[in-house]
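**Q** Residue strings, one per chain:
There are 2 protein chains.
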Amino acid sequence: MAGPQRTNGRRILLTAIRKSSPIARIDLATLTGISRATVTTVTAELLGAGLIGEVAGEGDKSGRGRPRVDLKIEGSAHLVAGVKVSNRSLSLVLIDFEGKQIAEFDFPISDQVFTPNALALALYDGLAAMMQTVGKTVKHLSGVGIGMPGIVDVQRGFVHWSPSLSERNVHLRAEIEQILSIPVFLDNDANLVAMAEKQFGVGRDAKDFIVVTIESGVGMGIVINNEIYRGTRGCGAEFGHTKVQLDGALCRCGQRGCLEAYVADYALLREAQLLGESASDATPEQKIESLLQKVKNGDPVAANIVNRAGRMFAMGLANIVNIFDPQLIILAGERMQFDHLYAQDVLESIKNSIVQVDQSPPEVVIHRWDDLMWAKGAAGYALEGVEEAAVVQVTAQNA
Amino acid sequence: MAGPQRTNGRRILLTAIRKSSPIARIDLATLTGISRATVTTVTAELLGAGLIGEVAGEGDKSGRGRPRVDLKIEGSAHLVAGVKVSNRSLSLVLIDFEGKQIAEFDFPISDQVFTPNALALALYDGLAAMMQTVGKTVKHLSGVGIGMPGIVDVQRGFVHWSPSLSERNVHLRAEIEQILSIPVFLDNDANLVAMAEKQFGVGRDAKDFIVVTIESGVGMGIVINNEIYRGTRGCGAEFGHTKVQLDGALCRCGQRGCLEAYVADYALLREAQLLGESASDATPEQKIESLLQKVKNGDPVAANIVNRAGRMFAMGLANIVNIFDPQLIILAGERMQFDHLYAQDVLESIKNSIVQVDQSPPEVVIHRWDDLMWAKGAAGYALEGVEEAAVVQVTAQNA
Numbered sequence: 001m002a003g004p005q006r007t008n009g010r011r012i013l014l015t016a017i018r019k020s021s022p023i024a025r026i027d028l029a030t031l032t033g034i035s036r037a038t039v040t041t042v043t044a045e046l047l048g049a050g051l052i053g054e055v056a057g058e059g060d061k062s063g064r065g066r067p068r069v070d071l072k073i074e075g076s077a078h079l080v081a082g083v084k085v086s087n088r089s090l091s092l093v094l095i096d097f098e099g100k101q102i103a104e105f106d107f108p109i110s111d112q113v114f115t116p117n118a119l120a121l122a123l124y125d126g127l128a129a130m131m132q133t134v135g136k137t138v139k140h141l142s143g144v145g146i147g148m149p150g151i152v153d154v155q156r157g158f159v160h161w162s163p164s165l166s167e168r169n170v171h172l173r174a175e176i177e178q179i180l181s182i183p184v185f186l187d188n189d190a191n192l193v194a195m196a197e198k199q200f201g202v203g204r205d206a207k208d209f210i211v212v213t214i215e216s217g218v219g220m221g222i223v224i225n226n227e228i229y230r231g232t233r234g235c236g237a238e239f240g241h242t243k244v245q246l247d248g249a250l251c252r253c254g255q256r257g258c259l260e261a262y263v264a265d266y267a268l269l270r271e272a273q274l275l276g277e278s279a280s281d282a283t284p285e286q287k288i289e290s291l292l293q294k295v296k297n298g299d300p301v302a303a304n305i306v307n308r309a310g311r312m313f314a315m316g317l318a319n320i321v322n323i324f325d326p327q328l329i330i331l332a333g334e335r336m337q338f339d340h341l342y343a344q345d346v347l348e349s350i351k352n353s354i355v356q357v358d359q360s361p362p363e364v365v366i367h368r369w370d371d372l373m374w375a376k377g378a379a380g381y382a383l384e385g386v387e388e389a390a391v392v393q394v395t396a397q398n399a
Numbered sequence: 001m002a003g004p005q006r007t008n009g010r011r012i013l014l015t016a017i018r019k020s021s022p023i024a025r026i027d028l029a030t031l032t033g034i035s036r037a038t039v040t041t042v043t044a045e046l047l048g049a050g051l052i053g054e055v056a057g058e059g060d061k062s063g064r065g066r067p068r069v070d071l072k073i074e075g076s077a078h079l080v081a082g083v084k085v086s087n088r089s090l091s092l093v094l095i096d097f098e099g100k101q102i103a104e105f106d107f108p109i110s111d112q113v114f115t116p117n118a119l120a121l122a123l124y125d126g127l128a129a130m131m132q133t134v135g136k137t138v139k140h141l142s143g144v145g146i147g148m149p150g151i152v153d154v155q156r157g158f159v160h161w162s163p164s165l166s167e168r169n170v171h172l173r174a175e176i177e178q179i180l181s182i183p184v185f186l187d188n189d190a191n192l193v194a195m196a197e198k199q200f201g202v203g204r205d206a207k208d209f210i211v212v213t214i215e216s217g218v219g220m221g222i223v224i225n226n227e228i229y230r231g232t233r234g235c236g237a238e239f240g241h242t243k244v245q246l247d248g249a250l251c252r253c254g255q256r257g258c259l260e261a262y263v264a265d266y267a268l269l270r271e272a273q274l275l276g277e278s279a280s281d282a283t284p285e286q287k288i289e290s291l292l293q294k295v296k297n298g299d300p301v302a303a304n305i306v307n308r309a310g311r312m313f314a315m316g317l318a319n320i321v322n323i324f325d326p327q328l329i330i331l332a333g334e335r336m337q338f339d340h341l342y343a344q345d346v347l348e349s350i351k352n353s354i355v356q357v358d359q360s361p362p363e364v365v366i367h368r369w370d371d372l373m374w375a376k377g378a379a380g381y382a383l384e385g386v387e388e389a390a391v392v393q394v395t396a397q398n399a
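Protein sequences appear in the order of chains Z and E.
For what it's worth, our numbering labels the leading residue of the first sequence as 1, then goes sequentially.
For what it's worth, our numbering labels the leading residue of the second sequence as 1, then goes sequentially.
It is possible that some hints are incorrect.
[Unchecked claim] Residues from chain E shown here face chain Z by an in silico Cβ test under 7 Å; the list is partial:
(1) His-160
(2) His-241
(3) Asn-319
(4) Ser-353
(5) Val-357
By construction, these hints were calculated from the structure, which means they are not laboratory data.
Every residue, glycine too, gets a C-beta built ideally from N, C-alpha and C.
Can you make the complete structure from the sequences, with help from the hints?
**A** Here's what the structure looks like:
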């Protein structure tokens with residue numbers, strides 16, 4: 001094999017071992033179509049680099065012959081962290097090269113909006129605190145994945161805009177790498193949820209699917225052909241800012257008629273002012289809870305507010321189905337607060353707004369999870385990058 | 001190389017020859033990374049099968065040595081047809097294996113809606129008439145590509161619904177193959193326009209782009225990573241039925257608020273009744289012309305009707321940008337009738353409805369063409385299928 005093919009062979013074999021571990025060399029050859037001789041050479045290189053290890057396999061069925069030796073990913077080869085930046089805390093997780101979770105940590109933050117430098121410092125502190133729980137430091141990490149709300153250009157590690165940042169158009173990856181001194185893998189947080197769903201969630205068996213996330217805004221991650229689809233300028237999947245009403249309600253982005261301007265917290269609370277919700281000193285969360293309680297108590301105005309949000313949400317989702325026709329839609333959210341958007345009648349009204357054919361509509365799955373799952377997605381993303389760097393290094397060492 | 005790799009090698013080399021014809025064997029090896037020995041073996045097989053030919057190349061620069069021999073696709077290897085089914089005629093085109101156009105033909109049809117069998121017979125008659133102009137018959141075709149309006153499941157050759165068919169849920173490919181006795185490649189017509197734009201149109205240099213077509217309905221073709229994206233059930237890209245208004249205008253699909261229900265002919269004419277347009281015996285085309293003339297003459301009601309259509313169209317397109325973030329949007333249409341949707345203020349209002357970042361919005365290109373371009377897309381699609389079948393056959397012969 002020529003140079004680039006050889007790198008690719010290493011990549012394919014490492015991926016196959018990761019997927020089917022533990023696995024014998026001969027089964028790797030069958031699975032990948034790579035010759036037994038090449039499998040022997042490449043796996044020797046990977047063993048030499050400490051990326052994989054050998055374990056005793058089950059003997060062959062006859063019970064005779066040499067005991068079988070299987071290959072597996074060597075967990076201790078690398079430590080990788082994932083972080084989700086939310087407006088209350090940094091959720092952190094530590095995994096090994098096998099993807100096994102080693103530690104988790106919740107690092108409270110007092111600010112909701114950071115300068116890039118302040119965010120980088122907070123990330124350092126959070127990572128250092130987590131690493132301390134396992135007797136290590138930030139230096140022991142081979143990479144960290146970071147999920148940010150907002151519009152992220154992954155290629156450039158550039159943030160066009162984020163509700164967590166005080167500045168627009170920031171080369172955030174470079175800023176953070178300068179403080180952490182380890183490779184940083186930065187992406188939009190909804191994309192990382194999609195990646196988590198793909199790697200170890202509800203999307204494991206789906207080739208094309210969509211994840212919709214609801215926090216204070218509405219996010220979306222698109223998986224096409226098993227890969228995250230990011231758009232040309234890194235600002236695709238802006239579901240929350242698709243327009244559901246010409247000249248409609250004002251959105252915090254400054255435009256009118258965005259889906260978020262109908263379904264986000266602030267949109268509901270803006271209308272709930274009529275019910276006197278604004279008078280109290282309660283937090284937005286408490287006000288939303290109070291609004292939803294009024295719906296349960298039969299208040300017709302409260303119901304009017306909440307129902308429209310649900311119907312707009314259904315309309316937006318139906319549009320996604322009409323455009324993408326995905327296998328699966330995953331509605332992911334951490335807070336019960338959005339139950340009204342995930343209600344049965346909302347899901348029913350999606351079905352009535354999509355193009356009707358003789359096949360079932362895409363499956364809609366509600367997947368509630370906590371910030372840790374977002375962080376796991378970030379760690380999984382970083383793991384991919386760390387693995388790729390490791391493959392390139394093995395190639396260089398065996399050139 | 002093992003079996004599947006060998007097939008792939010043939011595919012890669014044939015594609016490279018198609019793309020860079022005429023090309024020398026040594027340049028093929030450089031271009032594809034396939035070894036010179038394999039290039040020699042495989043091109044010998046392709047020459048033997050008559051799929052490629054040799055032409056005298058330019059001698060090497062020193063003027064010494066053997067004269068260079070280049071390889072090219074052998075046009076005469078196969079004849080392939082493409083057909084666009086519209087409501088006035090079948091547009092047909094004949095190309096050779098090199099993709100060179102051999103003939104074109106317009107076959108008038110009296111019916112606008114066919115049974116599957118009647119459509120198959122009309123296709124046979126149209127193809128036979130075109131083949132006669134070059135002294136051949138339908139039997140001389142290696143395949144035919146057919147573009148249909150409506151919802152097509154490409155994998156199954158199945159039409160969920162088409163305005164040209166009297167029945168829903170038809171195994172149309174099988175019906176047509178039974179009458180034509182040649183391989184049929186069936187797809188949604190907007191997808192084939194996207195393919196034509198990719199192969200020889202405005203989309204040649206774009207990896208991710210979207211084509212919007214306007215006839216009596218609104219169609220869309222999505223190209224992601226250089227390939228047509230079709231969705232899971234074959235019913236993605238239903239741009240015309242994305243909802244732009246909750247509980248909005250009634251669409252001919254039976255649902256409310258579809259984009260088509262605001263921008264299609266029938267939607268404009270429904271509102272134009274107020275202007276007395278329905279009273280005349282004019283055709284829909286004439287009525288639309290009359291409406292647009294009234295706009296030009298300063299009629300405020302006519303302007304009110306047409307302006308909303310443009311603004312709804314812009315909103316729908318902005319949603320596509322917010323979701324896909326494509327490099328390029330191609331607005332393709334054959335009739336000047338849709339100038340009001342392609343007007344400068346419509347394009348401006350797209351820019352104001354997309355997520356604002358520090359980069360230019362996707363380029364929007366208006367590409368007017370005739371039915372023949374749709375047919376060329378269909379022929380190009382069939383050519384891909386014919387080439388694939390030829391590669392498989394060469395593999396079988398050289399196994």
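**Q** All hints, please: hold or fail.
**A** Here's how the hints hold up against the structure:
1. Because the smallest distance between the Cβ of His-160 of chain E and any Cβ of chain Z comes to about 4 Å, under 7 Å, the interface hint for this residue holds.
2. The restraint placing His-241 of chain E at the interface with chain Z holds, with a minimum CB-CB distance near 5 Å, inside the 7 Å limit.
3. With a cut of 7 Å, the hint placing Asn-319 of chain E at the interface with chain Z holds, because the nearest CB-to-CB distance is about 4 Å.
4. The restraint placing Ser-353 of chain E at the interface with chain Z holds, with a minimum CB-CB distance near 6 Å, inside the 7 Å limit.
5. Hint status for Val-357 of chain E relative to chain Z: holds, with the closest Cβ pair at about 4 Å, below 7 Å.
When the structure is compared with the earlier hints, no violation turns up for any of them.
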